[in-house]
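Colleague: Sequences and hints are given; from them, build the entire structure.
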Amino acid sequence: MPKTLLSTATVAALAVALGGCAAAGSGARFDERMFDRWDLNRDGLLDATEFDTGWTAANRFAVWDRDRDGFLDENEWNVRARNNAAMGPFAAWDADRDNRLDPLEFRTGAYEMWDNDRDTRITRAEWIRAQITP
Numbered sequence: 001m002p003k004t005l006l007s008t009a010t011v012a013a014l015a016v017a018l019g020g021c022a023a024a025g026s027g028a029r030f031d032e033r034m035f036d037r038w039d040l041n042r043d044g045l046l047d048a049t050e051f052d053t054g055w056t057a058a059n060r061f062a063v064w065d066r067d068r069d070g071f072l073d074e075n076e077w078n079v080r081a082r083n084n085a086a087m088g089p090f091a092a093w094d095a096d097r098d099n100r101l102d103p104l105e106f107r108t109g110a111y112e113m114w115d116n117d118r119d120t121r122i123t124r125a126e127w128i129r130a131q132i133t134p
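All residue numbers for the sequence shown refer to the working numbering, where the first residue is 1 and numbers rise by one.
Incorrect hints may have been included.
Unchecked claim - Taking CB as the label site, the calculated pair distances span:
id	residue 1	residue 2	range
1	Gly44	Asp98	33 to 39 Å
2	Ala62	Asp31	15 to 21 Å
3	Thr49	Asn75	28 to 34 Å
4	Ala95	Asp67	20 to 26 Å
5	Thr53	Asn75	18 to 24 Å
6	Asn59	Glu112	18 to 24 Å
Think of the hints as simulated: they come from the structure by calculation, not from any bench. In this text, a Cβ means the ideal position worked out from N, Cα and C, and glycines have one as well.
Modeller: In structure tokens form, the structure reads like this:
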């Protein structure tokens, strides 16, 4: 019996761990639950610090960087962005015009995409409007 309980507990722990990975993984949507997790001070807004913390924890750049070279090229971009018109063209995110996105360009572009009114805070409504399916 103890072996069964251990197995059940192990399975439950794995389910929780994998659920967390799925929420931040390649098939996850940036849904309202994720907004709530990123909203550390629970004020209903994401400031740049909260966004950076959540973005880093979710490891968004690594999910998109398929060849793991530390940059996103236009092909990697197109694989993920083609179904989300809100993201706009690759060139709009490439601040230094070197035909690749580094992690900072990618994070900055995402923050600016969500912050529609450019007030440096992302509301729940902005979050929902600019949902990405990574």
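Colleague: Each hint needs a verdict: does it hold in this structure or not?
Modeller: Comparing the hints with the structure gives:
1. Between glycine 44 and aspartate 98 the beta carbons are some 37 Å apart, a value that agrees with the proposed interval 33 to 39 Å.
2. Distance hint check: the CB atoms of alanine 62 and aspartate 31 are about 20 Å apart, consistent with the given range 15 to 21 Å.
3. Separated by about 32 Å at the C-beta atoms, threonine 49 and asparagine 75 satisfy the suggested range of 28 to 34 Å.
4. Our hint of 20 to 26 Å for alanine 95 and aspartate 67 holds, since their Cβ atoms are close to 21 Å apart.
5. In this structure the supplied range 18 to 24 Å is violated for threonine 53 paired with asparagine 75, their Cβ-Cβ distance being about 29 Å.
6. Look at asparagine 59 against glutamate 112: about 20 Å separates their beta carbons, and that is inside 18 to 24 Å.
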